[in-house]
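Chains E and S, in that order, are what the protein sequence lines are.
Residue numbers are given in our numbering: position 112 of the first sequence equals residue 117, and the series is strictly consecutive.
Residue numbers are given in our numbering: position 150 of the second sequence equals residue 151, and the series is strictly consecutive.
It is worth saying that the hints were derived from the structure and are not from the lab.
Computed from a predicted model, the values in this text were never measured in an experiment.
Calculated lysine-lysine pairs in the DSBU-like style (CA-CA distance at most 30 angstroms, straight line):
#1 S/Lys171 x S/Lys41
#2 E/Lys491 x S/Lys70
#3 S/Lys7 x E/Lys172
#4 S/Lys7 x E/Lys43
#5 S/Lys7 x E/Lys179
#6 E/Lys239 x S/Lys7
#7 E/Lys43 x E/Lys372
#8 S/Lys147 x S/Lys182
For each label pair, taking beta carbons as the anchor points, the in silico distance ranges come out as:
#9 S/Val25 x E/Ile21: 18 to 24 angstroms
#10 S/Ala111 x E/Glu495: 19 to 25 angstroms
#11 E/Val259 x S/Gly165: 56 to 62 angstroms
Ideal placement from N, C-alpha and C gives every residue a C-beta, glycine not left out.
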Amino acid sequence: MNTVAILLSAFTLSVIALLVFIWTQGRGLLDKDPDGAKVIFAEGELGRIEEPAGSGSDRRLLQEGQGPSNAAAPPALTRELQERAAADASTGPLVFFFFCCAFAWLLVASAAGITSSIKLHEPDWLNQYAWLTFGRIRTLHLNAVAYGWAPMAGLGIALFILPRLLKTPLVGGKFALLGAALWNAALISGLGSIAAGITDGLEWLEIPWQIDLLFVAGGALVGVPLVLTLTQRKVSHLYVSVWYMGCALFWFPVLFLVANIPGLHKGVQQAAMNWWFGHNVLGLFYTPLALATVYYFLPKVIGRPVQSYNLSLLGFWGLAFFYGQVGGHHLIGGPVPGWMITLSIVQSMMMIIPVAAFTVNQYQTLKGNMGALRYSPTLRFIALGGIMYTLSSVQGSFEALRSINAITHFTHFTVAHAHLGLYGFVTMVFFGAMYFIVPRITRREWPYPSLIAAHFWLATIGIAVYFVTLSIGGWLQGVAMLDAAKPFMESVTVTLPYLKGRSIGGALMVLSHIVFAAHFAALVLNLGPNRSQPALFSWTIPTRRAVE
Amino acid sequence: MKNELKLLTGGMVMLGLATSLLVVLPYMQVRDVAPTEGLKPYTAAEWRGREQYVQNGCVYCHSQQPRAKNFAPDAARGWGRAPVAGDYAYDTPQLLGTMRTGPDLFNIGARQPSDDWHLGHLYQPRAYVPESIMPGYPYLFDIKDKAEKGDQVVNLPPGYAPAGKVVVAKQEVLDLVKYLKSLDHTYPAIKPQAK
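Let the sequences and hints guide you as you build the complete structure.
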């Protein structure tokens, strides 16, 4: 295989793809119509906020920031809002089930995560039992996040948004319910297997392939209503969130199937495949689900369309093209073909293009609306998550450069980076969306607004402490490892204070999840003060006069 | 974008391209590469030991891929030469690893050929490396009042065995040590035929 030829063809393909993109823009083949961005709003809804997570006064202040909107809703709007309420109602029980599972896995993953973290500085703690050894409990943490929390929350959110975007009730929700049940059964048996020492042994792919068949069946069933609803849609334009969610749901099965075929992969080739999967499950599954969430809720909450719809196009196709090829950077310096590494480094840097497109777009949409962050819990989580997407992506691009990778590879720095992406970005965005969705599907308000604030600050400070300490520790570890004059043990001892710092950050994150879950339980069990009317589609947003 | 078919086709073509580059090409290029001359296949006991290595998640802290001299001083640490694809010809699942909370183990068999060291270190790493943060694996050992016939007693430094008892290695850990000792890639790498 000629290295130069492969690199040249990859480069040529990228340039051609870019030229084709520009050409289609000029010819109007891609939807340049900025009205596309308004498809998430009903007629006459622009300028009206929607924030079911906030209290009445929050909503009033949020609306004031967007200009007055006290005029009575026009009949067309009322009709569309009724349709939206019907769309929400069609997904309610299903999304509720997904969220209950998500909460359960969030708590399981948190417990496993904090245990693993403490074990790294207290190595003799809880090591009498095989299932609690670091190598297994760490794996339980990863799998509970990767196949429990993230997909249950992300798919639940997707199932909620999709009928709204397609302006039709969900079709075939029962398939998804069965699918989710199978998926969770698979995960329970998968985690049980790992705890018992039955594993396929590849990071991100530990669950035995026999159980993976259940995941495939469950995942396919979850996909059925999405396809059915798509065919019943009442809108002609597919909003950018639909692209991300639609492709993510088709990408994931391919990744998962190819990666889990038994007997197909071996040796160094298996390592290459391993990181093709490991990185793409982040980039082509969780990331698009979370970006779809941002692209829907950010404009929806403030009642203002995405600033530049064309940029979101560029962001989508850039992600689809570049992200798939970056996985090889996990094996820099390893015994894999050199061209593969170089290709992955090049495409990692190219990821800056779609990330920049997203960042500029988010900034422009929020510009002049920063005050909204104070009054909207949903927006606060989602905007923070969006910023973390930019940070973690840019960090990831640079981490792929050989000079930086020589230091950070094989260290805790990578772990910190992974948490910035999957927690700082994806999980934060999912938190925000869940605060929005739960009142809509349960028809109850969050009983204690202060608990939302507690959750936000504990999680934010927690991930900040986690990321900063572990990044510093990982960097020092890498520098020590590159210094041949220092014994290896120095690269271990130098990390100890930072590993302890990580446990503190982790503990704050765990605490925030307990607060979140308890708040959810209080809402479901109807505990706590009944603050006001459930945040339904009453468009009589309280004016200052009415409140006073 | 009004057509979901075009959207999904575009998305799948992109993924197909990535899969060809990162999965199919390596499959054609390095999957069936011949074992490097000097590499021995695993014995049954070594293979069982390798399964212990996998089950207990050793790979999450130990790599098996020293970096080349121009990249990192791994060779100077005694971890060995940079590996080639043929060194992993018998490996599945692959255990290259991407983390070095502990040292690289590509040549641990050559660095530490002693059974006693390995067994004692697996029972209590801090008996040999005081600042180690590796967990012990007490569940791979039996604690007995007295060794029975055929028991492999672990010779620990003074003070590390429970008072008045002996620590006996279970079969699992004996296999694991056999695997660790098989990790010896000190033979020369022969460059795979360039294509």
